[in-house]
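*Asks:* So you can see what is in the structure, the chains are spelled out below.
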Amino acid sequence: MKKILTIILVLLSSLTFAKINVVTTTTIIYDLVKNIGKDEVNIVYLCRGNQDPHFLEVLPSYMLKLRKADLVFKVGLGLEKWLPQLIDGSRNTDIKEIDLSKEIQKLEVPTKRLNASYGDIHPYGNPHYYLAPNQVKIMLTEILDALISEDPDKADYFTKNYEKYVKKLDSKIIDWKNKMKTAESKPVVFFHASWIYFSTEFNLNIKGYVEPKPGIPPSPSHNAKTIRLVKKLGIKLIVMENYYDDSAPNQIAEITGVKVLKVPVGIWGMEGINSYFDMMDYIVNNITANI
Amino acid sequence: MKFWLTIFSILFFYIQVKPQSNVNPNISLIGTFNTQTFLGKDVIDKGKLIFNSPELELFIDDYLNPYARGTVDISFEDGIFGVEELYVSIVRGLPLDIQIKAGKYLVGFGKLNQVHAHAWPFINRPLFHQIYFGSEGFNDIGFNFSFILPTESFYSSLDLGIFKGDAISKTEVADPDNSDMVNNWRGTNPIFVGRLVSFFTLSDYANIEVGLNASYGVHAKSENYIKPGFELGLADNTLNYFYGGLDFKYKYRPNQYTALTIQGGGLLNHRDALGIYTSTGFPPNILNQNSINTFGGYLYLDYAFKKQFSVGVKYDYTDGIIGDNPSFYSLSNDNQNHTQGISGWFGFYPVEHTLIFRLGVQHLSFTTKLGRIKKESETSITLKMIFSLGPHKAHPF
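The listed protein sequences derive, respectively, from chains A and B. My numbering applies: residue 1 is where the first sequence begins, and numbers increase by one. My numbering applies: residue 1 is where the second sequence begins, and numbers increase by one.
These are calculated hints, taken from the structure and not from any lab test. These numbers come from a predicted model, not from an experiment. Do not rely on the hints blindly, as some may be mistaken.
[As the list claims (entries may be wrong)] List of simulated lysine-lysine pairs, DSBU-like, C-alpha gap at most 35 angstroms:
#1 B:307 to A:65
#2 A:164 to A:154
#3 A:81 to B:307
#4 B:306 to A:231
#5 A:160 to A:38
#6 B:104 to A:65
#7 B:249 to A:68
#8 A:96 to B:251
#9 B:306 to A:213
#10 B:307 to A:186
Start from the sequences, fold in the hints, and give me the full structure.
*Replies:* Here's what the structure looks like:
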């Protein structure tokens with residue numbers, strides 16, 4: 001009798017205290033979910049912080065990660081084109097896809113019929129909103145809703161963690177905005193078209209991109225154009241994600257003297273970058289120091 | 001009246017088209033064009049530049065409902081349209097998380113066979129594919145049941161399939177002395193295919209996949225041959241085969257611009273073949289069966305660098321002579337002669353994989369036994385251009 005009671009208690013406790021199994025497509029989302037879910041979520045990510053989330057190889061090991069997941073959080077807006085194949089491969093029928101872009105104020109939404117001559121354009125808008133802290137607040141709300149919906153009993157716990165994180169984020173936003181005032185309206189060149197949300201939030205003046213079209217490798221003729229642009233406007237900084245090849249920006253730098261800044265856009269994308277705050281601190285501090 | 005008819009027509013058209021546009025399937029087109037030249041002592045048109053007819057593959061693929069996908073691959077080769085693949089995959093919702101694939105498609109025998117040829121880094125199909133499955137690889141009609149195995153720390157799956165067997169019999173057109181059969185009885189004697197595969201993550205940058213393959217069935221039937229020890233009329237007039245295979249793929253990708261791939265695979269063929277013709281007087285044309293064991297395999301290395309370039313080398317070995325006419329004594333039924341191949345390539349990918357240029361060289365040498373006319377070695381040089389239009393999805397690892 002004692003044995004049966006123990007078994008029932010163990011089963012009940014496993015039901016009551018079961019954690020939510022979460023997979024996130026990127027390390028930034030991982031960090032955000034981890035800060036709200038804390039010990040009540042088992043969480044793994046797919047794309048490493050030093051990998052380009054546009055092109056993740058479809059590996060069976062990722063299918064295994066998704067196999068037991070209750071929730072998968074994604075950036076959306078067509079960034080993770082590889083995700084449906086992985087979910088199919090995982091054979092997980094119960095997994096819920098949470099698209100964090102739902103409530104985002106989308107930028108660069110194409111207004112004309114697209115074709116491949118425009119490069120890798122995302123048809124529903126630019127998906128790199130996670131580089132803008134105020135958009136991250138919207139992501140946090142989505143994450144909170146999804147976790148509560150999955151486990152309503154822990155709503156208070158998740159809400160408390162959420163509020164604590166948002167409070168810290170708000171104070172960091174003030175700090176970052178203050179720092180970025182020195183960079184306001186200053187012209188800057190980026191490597192890839194992933195900085196529109198960041199630039200809008202911090203009033204940076206995007207003057208061009210090293211890529212001729214989004215996702216299209218730099219060409220000699222486009223490099224020449226960029227060189228002319230940098231010289232003409234006295235641009236001091238090229239900012240690029242650290243997983244891109246820096247040979248074209250370095251060529252431009254050699255001729256014009258512009259500074260090439262390689263930044264992490266993922267957690268653990270560089271040594272010492274262990275949180276979203278670390279990542280944004282690095283980006284803000286280095287842009288303000290070099291612009 | 002005309003006015004209302006027009007309004008009705010517009011509304012009707014809108015209602016019909018609007019929902020459809022939201023569920024349009026993915027449509028992709030792969031175009032291939034290649035120019036070749038052949039060199040060698042016995043080669044016809046030696047050194048002549050051959051402009052092969054362009055080929056295309058049209059892929060239509062999408063979910064049919066929340067549980068299943070449908071895929072069609074229509075090909076145009078040598079001026080003929082054909083259905084390369086047409087299948088349904090039930091991807092979720094079945095007990096034990098089984099996935100079922102039904103229709104005509106590239107069979108999961110070996111890693112390479114499941115990947116469309118345009119996605120290979122090299123130009124020439126491995127020689128043993130040509131010998132044991134035919135020039136299009138192991139493409140067959142049937143059902144496949146796929147199970148994920150409960151190995152927690154690494155991914156492992158088991159596939160079991162039942163197929164018509166067309167790809168196996170393609171290499172034997174007919175009994176040389178009796179040109180009726182082969183495919184007439186197909187369907188009553190299906191073949192079986194199994195694949196066990198495990199995927200291991202070695203580090204953040206390196207992975208390896210290892211597969212074991214097997215296929216068993218009847219590859220030919222006739223009234224005109226007999227197993228030793230049987231009396232005519234009581235004979236088991238079937239020729240059976242067993243293919244055992246092993247394959248692996250290792251990839252090291254330190255960043256998105258560089259990747260080193262080493263991949264290999266082999267096939268052991270154990271089959272009933274026809275032996276020496278025995279004249280028995282009456283009835284005539286009795287052929288003896290015997291068992292043969294043959295082998296074929298490949299190993300390649302491909303190094304992709306600067307995102308836009310790749311170089312590689314491949315070694316091939318197979319029993320049987322490439323280019324032989326299909327018969328009960330050649331290709332997969334040939335344990336007397338063999339072919340070796342060495343090839344190298346250079347690939348250029350200007351923008352991702354939307355456009356590919358590939359220059360390749362393949363040298364084939366043949367070893368023939370006494371009694372057969374010696375076949376001289378030959379070299380082919382190929383320049384291939386592939387373009388990809390539309391959202392054709394990436395092939396998995």
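*Asks:* Indicate, hint by hint, whether the structure satisfies it.
*Replies:* How the hints compare with the structure:
At most 35 angstroms may separate the alpha-carbon atoms for a hinted pair to count; residue 307 of chain B and residue 65 of chain A meet this at roughly 28 angstroms. Between residue 164 of chain A and residue 154 of chain A the CA atoms are separated by roughly 16 angstroms; this keeps the pair inside 35 angstroms, and the hint holds. This hinted pair checks out: residue 81 of chain A and residue 307 of chain B have alpha carbons roughly 19 angstroms apart, not beyond 35 angstroms. For the suggested pair residue 306 of chain B and residue 231 of chain A, the alpha carbons sit about 28 angstroms apart, so the restraint of at most 35 angstroms is met.
Simply put, residue 160 of chain A and residue 38 of chain A have alpha-carbon atoms about 11 angstroms apart, close enough for the 35 angstroms limit, and the pair holds. Taking the CA atoms of residue 104 of chain B and residue 65 of chain A, the gap is near 31 angstroms; set against the 35 angstroms cutoff, the hint holds. Distance hint between residue 249 of chain B and residue 68 of chain A is fulfilled; the C-alpha atoms sit about 26 angstroms from each other, no more than 35 angstroms. The straight-line distance between the Cα atoms of residue 96 of chain A and residue 251 of chain B is roughly 31 angstroms, inside the 35 angstroms bound, and the hint therefore holds.
Between residue 306 of chain B and residue 213 of chain A the CA atoms are separated by roughly 18 angstroms; this keeps the pair inside 35 angstroms, and the hint holds. Distance restraint check for residue 307 of chain B and residue 186 of chain A: the Cα-Cα separation of roughly 32 angstroms lies within the 35 angstroms cut-off, and the hinted pair is therefore satisfied.
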